[in-house]
Amino acid sequence: MLVKGTSAIRLLSVASLIGCMSLIATGCGGQQAEDRPAEPATNWSAPLTDGVSVPTIIAAQRLVSFRVISPSFGGTPSLIQVDDPNQMQVNQRSVAMVFRLPDYGTVDVRESSAAGWTIEREKQRANEPVLQPGASPAKAYPFKMVAVKTTSGLLSASGERATLQWIDGNTLFYIFGPNLTASQVEALAERF
Amino acid sequence: MAPQQRRWGMSGLRRFPLIFASAFALLAGVMVAFPGEASATSYCGGKEAGIWLDNNNYNSIGSQAGVLAPNHSLVSCGGSGVTADSVNTVGLLLTSDAQNWVEVGYVKYLSCFIGCSAYYKVFGEWGFNGSSPGQTYYGNVTTGTVPTFKAVIVTGSYNWTIYWDPNGGTNFTLLATYNNLCCQTGDAYGEASRSGASGTDIVDHHYNMYWKNTSGTWSLFSSLHCQNDTDADYQWNRVSGYEFQVGAGPGYC
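Residue numbers (our numbering), protein chains in the order written: chain A, 1 to 192; chain B, 1 to 253.
Keep in mind the hints are simulated off the structure, nothing from the lab. Just so it is clear, CB atoms sit at the ideal spot from N, CA and C, and this is done for glycine as well. Among the hints, erroneous ones may be present.
[Claimed, not checked] Partial pick of chain B residues on the chain A-facing surface, computed with a CB cut under 8 Å:
hint: 1; residue: Ile51
hint: 2; residue: Asn57
hint: 3; residue: Leu93
hint: 4; residue: Asp97
hint: 5; residue: Gln235
hint: 6; residue: Asn237
Using the sequences provided together with the hints, build the complete structure.
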C-alpha cells in the first residue's frame with residue numbers, strides 16, 4: 001500500500017511540476033503587454049500618413065519649402081512620399097524616402113523644414129529627464145548628441161532600434177527604420 | 001528506501017493538501033498555457049490597432065473625446081504578468097510618420113499568475129523620434145463609464161499636457177506635462193488597440209471628438225477617417241463626423 005500511495009503522490013507531484021513548469025516556460029516566452037507602448041504604429045513601407053507618392057526627388061522638391069537632398073545610399077528609393085498638398089500647408093509638409101538596402105533592410109528618411117529646431121534645442125532634449133512619476137525605472141535614457149558630418153545630431157536609441165536627426169541649412173534630416181541600430185543610423189547619416 | 005518512505009509516507013490527512021495543490025497547479029498551468037478559443041484570432045507578440053483622424057492639416061494644438069470603458073474580453077497569451085490588453089486613447093500625431101505623438105486614455109490589462117484578473121488604468125504616453133518611456137499611470141477607470149480625455153499644448157512651448165474627467169464632462173484634472181516634444185501642432189486622433197490571444201477584443205466607442213486650432217477654438221471633428229488599421233477581426237464603424245465605434249466584424253476600415 002505504501003508503494004502504491006507513494007506512486008500516486010509521485011505522479012501528482014510530477015504533474016504539478018509539469019504544471020508549474022508550463023507556467024514558468026510560458027512566462028519566459030509570454031507577452032508582457034505592459035512593456036509595449038500603445039503608440040500609433042509607423043508604416044515603414046509608406047511612412048507618411050495620408051502622404052502622396054511622387055516619382056522623383058525633383059517632383060518632391062516642387063511641393064516643399066526646404067532643400068531636399070537624396071542620400072548616396074547606392075540605390076534609388078523604392079518610394080518617395082510628400083505630405084498631401086491638399087491637407088498641409090507648404091511649410092508644414094515633409095518628404096519621406098524608403099530604401100531597401102542589403103546591409104540595413106528598410107531605411108526610411110524624412111526631410112522637413114528645420115523651423116523650430118536648433119542644436120541647442122536638440123541638446124536640451126538630450127538632457128531632458130525622460131522618466132515621468134510612476135514610470136518604470138528600467139526604461140533607459142534614450143537620447144544623446146552625436147557627431148554627424150560637420151555638425152551634431154540627436155540620436156534616439158530605444159531598445160535595439162535607433163533614429164537620428166540633424167539640421168543642415170533649412171532642412172531637418174531624420175533617419176529611421178524598423179531594425180536600424182545606433183551605429184547604422186550614424187553610418188547612414190555620413191552618406192548624405 | 002527508508003529515507004524515501006519517510007519522505008512520502010504521510011497520513012492521508014496530511015497528503016490531501018499536497019494532492020489538491022498539485023492538481024490545482026497542473027490545472028492552472030494548462031489553463032494559462034492553452035487558453036480557450038474564441039472568435040477573434042490571436043495577436044500575441046504585437047498588437048492590432050487602428051486610429052481615426054480628422055483632416056485638420058496638422059494644425060491641432062489639442063485633442064479631446066469621450067471614450068467608453070466597456071467590459072472587454074481579454075484572453076491570456078500565456079505566462080505570468082500582464083498577458084493581454086485593450087487600449088483606447090485620445091491623442092495627436094505630431095509628425096505624419098507616427099514617430100512623434102502624445103496621447104492619454106485608458107488600458108485594460110489582464111494580469112495572470114495562478115489565475116488571471118483584469119484591471120483598468122488611466123495612462124499617458126508620448127513618443128519622440130521613435131522612442132517612448134512607456135505608459136505612466138494615473139488612476140483607475142470604472143467599467144461602463146465614458147470618461148473624457150484631453151491632450152493640449154502649453155501655449156508658446158513644446159510642452160504638452162494631458163487631462164481627464166472621470167465623469168465624462170469637462171471638469172478636467174491635469175495628469176501630467178510632457179516637456180520638449182518635437183512639435184507645436186499635430187493631427188488629432190482617437191485610437192483603439194488590443195494584444196492578446198484569441199477572443200481578446202477591442203470593443204470601443206469614441207464620442208464627441210474635438211480638435212483645437214491654433215487660434216484656441218475647439219471644434220468637433222468633421223471628416224473622421226480611419227488610418228493604420230492593422231486589425232482584420234474588427235469592424236471600425238464611422239458613426240458620424242466626430243464619433244466612431246469598434247466591434248467584432250470582418251475586414252479593414
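Right, here's what the structure says about each hint:
At a threshold of 8 Å, the smallest CB-CB gap from Ile51(B) to chain A is about 5 Å, leaving the interface hint in force. The interface hint given for Asn57(B) is met, as the beta carbon of that residue sits about 5 Å from the closest beta carbon of chain A, less than 8 Å. Nearest Cβ of chain A to the Cβ of Leu93(B): about 6 Å, under the 8 Å cut. The hint holds. For Asp97(B), the interface hint holds, since its Cβ comes within 8 Å of a Cβ in chain A; the closest pair sits about 4 Å apart.
Taken as an interface hint, Gln235(B) does not check out: its beta carbon lies about 19 Å from the nearest beta carbon of chain A, beyond 8 Å. Because the smallest distance between the Cβ of Asn237(B) and any Cβ of chain A comes to about 20 Å, over 8 Å, the interface hint for this residue is violated.
In summary, the numbered hints that this structure violates are 5 and 6.
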